[in-house]
Structure formats: C-alpha cells, structure tokens
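All chains should be built: construct the whole structure from the sequences, respecting the hints.
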Amino acid sequence: MIKHGLWIILAGFLTTTNYAGVTSSSEVVKLLRQISDKLTSIDKRLQKLEKKQAKKTLLSSMVPHSQNGPNITALSEIEFPKKPDKKNIKEYIWNVQTASPNQNCFSPHDMQVALLKKVGHANIDLLIKALNMRSGPRFNSRYHLEYAIKDMAEPSDKEMIIKALPFSTTLIDVIVRYGWEKDVRKILIDKLLYTQYLPTAWIAAVAGFQDPETYDLLKKYFISNGDRIGVYEVIKDLPGIKLDDAVDEAWKMAKCQENNDWQKFNTSMVAVEYGNKEALEYLLNNYANPRFSYHAMKSRRIIKDHVDFKGSNYEIKNWFNKNKQNIVFDKNDKKFKLKAGK
Numbered sequence: 057m058i059k060h061g062l063w064i065i066l067a068g069f070l071t072t073t074n075y076a077g078v079t080s081s082s083e084v085v086k087l088l089r090q091i092s093d094k095l096t097s098i099d100k101r102l103q104k105l106e107k108k109q110a111k112k113t114l115l116s117s118m119v120p121h122s123q124n125g126p127n128i129t130a131l132s133e134i135e136f137p138k139k140p141d142k143k144n145i146k147e148y149i150w151n152v153q154t155a156s157p158n159q160n161c162f163s164p165h166d167m168q169v170a171l172l173k174k175v176g177h178a179n180i181d182l183l184i185k186a187l188n189m190r191s192g193p194r195f196n197s198r199y200h201l202e203y204a205i206k207d208m209a210e211p212s213d214k215e216m217i218i219k220a221l222p223f224s225t226t227l228i229d230v231i232v233r234y235g236w237e238k239d240v241r242k243i244l245i246d247k248l249l250y251t252q253y254l255p256t257a258w259i260a261a262v263a264g265f266q267d268p269e270t271y272d273l274l275k276k277y278f279i280s281n282g283d284r285i286g287v288y289e290v291i292k293d294l295p296g297i298k299l300d301d302a303v304d305e306a307w308k309m310a311k312c313q314e315n316n317d318w319q320k321f322n323t324s325m326v327a328v329e330y331g332n333k334e335a336l337e338y339l340l341n342n343y344a345n346p347r348f349s350y351h352a353m354k355s356r357r358i359i360k361d362h363v364d365f366k367g368s369n370y371e372i373k374n375w376f377n378k379n380k381q382n383i384v385f386d387k388n389d390k391k392f393k394l395k396a397g398k
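Under the working numbering, think of the first position of the sequence shown as 57, with each following residue one higher.
Only true hints are included.
Subject to a maximum C-alpha distance of 20 Å in a straight line, what follows is the list of computed DMTMM-like cross-link-like pairs (lysine to aspartate or glutamate):
1) Lys242 to Asp267
2) Lys320 to Glu334
3) Lys185 to Asp141
4) Lys214 to Asp229
5) Lys391 to Glu334
6) Lys174 to Glu135
7) Lys219 to Glu237
8) Lys395 to Glu337
9) Lys387 to Asp300
10) Lys380 to Asp364
11) Lys333 to Asp301
12) Lys247 to Glu269
13) Lys354 to Glu337
14) Lys333 to Asp304
Honestly, the hints are just simulated from the structure, not real lab data.
Structure follows, in structure tokens:
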C-alpha cells in the first residue's frame, strides 16, 4: 500500500517538476536526489500514519461495542420538579429509570444514582416502591435505584427495607450496616433454598449465625453457586463445618459445565486445598490465562501453598508433569508431594 502511494506521489512530482534547463548529468543527479529525499520524507509520514491506524484498530478491538452506558443526553434534560409533590416526584423517578433503555453496562457512579438521590430521604419510600414495579417499559435502572436507596437509608427506614429485602437482595448491605440480621433471619435462610445467586454479604450474614442447622444449606448453596471461591472463603472457618464432600461434589459439577471455564477455574482453587490432583493440574495449566487475571495472585499463592516443591510456577508445573503418577496429597500438612522413596 505504501509503495502504491509512493508511485502515485512520484508521478505527480515528476509531472509537476520544471525540467527546463536540465541538460547535464549533474543536474539529473541533483534532480534524482531531490526526488529521493522527497520520497523518503513521504515514506516516513506514511509509516507513522499506518502505525497510528494500527493502534486505533487494536484499541477498537479491545472495546466491546455492545456495551452501552447511560444516555447522558436524555438524562441531562431531566429536571427535578420545582414544586415537588408525590405525584411529580414519581414521574421524575420514572423518567430517570426509562431514559437509558439500551444501557447494559452499569456503575455506582452512573448519572442515574445522583439524579435519584435528589428526591431526598423524605421520599425514599417512592424509590423503594419503584423497586417492585412490574408494569411499564423494561427497567434497566433497578440497579441505580438500589444504590440510591443504600446510600440514603437510615435506621428509621427499617420496616420498609425489610419488606423490600426479598425482592431486592442487594439491600442486605443496609441490613448489615445497621445490624438487623436477626430481624431478617427467616428471610435470609428461606432465600438460600431457591435462589442461586445472592450477594456475598447475604451468605456472610447467614454464616454469622454460626448455627449448625444452616450448614447443610450453606454447603448446598456453595455447590450450586457460580462464585464458589467467594462462598468458600465465607464458610470455610465456621466451627464444626466439614466441606470435603461438598468440595468434591462442587468440582464434579464444575467439570460438567463445559461452556463455563470460569466456574471450573473458580472451583479448582478450592478443590486444590482439599487434595484434588485433577484440580491442581487444571490450575497449573490455566493460572496464567489472561481470562482469569482477576484471581491470578490468589491462584499462584494456592499453588505454592499446597505443593511441596520450591520454584517458580513454571518449574512447579514441570515438576508436576514429570512426576504426576507419583504425586500424592498429604492431608496432615495439606501439600502435594512425591510418594516416599520417589
């Protein structure tokens, strides 16, 4: 492409150059040098342009085009009522909620949260009621309602928050903030029976009761949940809890989820701590995968903590591959090591 462009430019240069008086070989050489210098300069500029375009293409490929944030233009046009009453505040909330129908990328710092907080604590009941509305256009801003409520909630809102908790589980943050866990014990436990994805704070609240009668329920949730490493960290130190069978079952389930490598990786970090050699092999083969970079440091620590071989992760992986058949797990010190005499 560069050469093609250079020939076009050269043709233009030659056709626009005044050759009058060019009669000697020295003048021809001089002219050719001018052409050469011109082409070199043009070539450098073209190379810079190509590098710049390549960089733009790379950056563009890294940004998911399907992600849409808040519709800033539409949201900027929404004004809080000059003479607020319950009716026009409800309309204001509705307008904020429906202003970004195509949004699929969310943040606590989205414009909607600040706009919703303008209703003030005196009208927090309207925000809470809006959480459970089922009619009207599809809401993408339930997320924003929850963040606004959590930021504004006060102890006086206890009854409303508890009533909203079953259909807005992220309000567990308010429950924990004000120490209302015992007041919602039944809700917390009942939700574990039929909800697959709950905030980690929810699981921590149930674990906080340290009630052995909840252990089987917590273990079942650990087995079926997508964030097994997160749940495990919450329940692993409960007095008297035994997780060996649950970890084994979770690993078997993760292996069956062929289209979800994240869950397999997530579960392998737990299974390694319980002596699963297959999980260790998987972790050694995947700890450096960029897709799992969020847990990179944690996965490497787990490998080094549970392998009786000192060295880099690469050296540990080679050691494992070389000695796989003779590696066993010592339950006393929770380390993978070579069989005695090997």
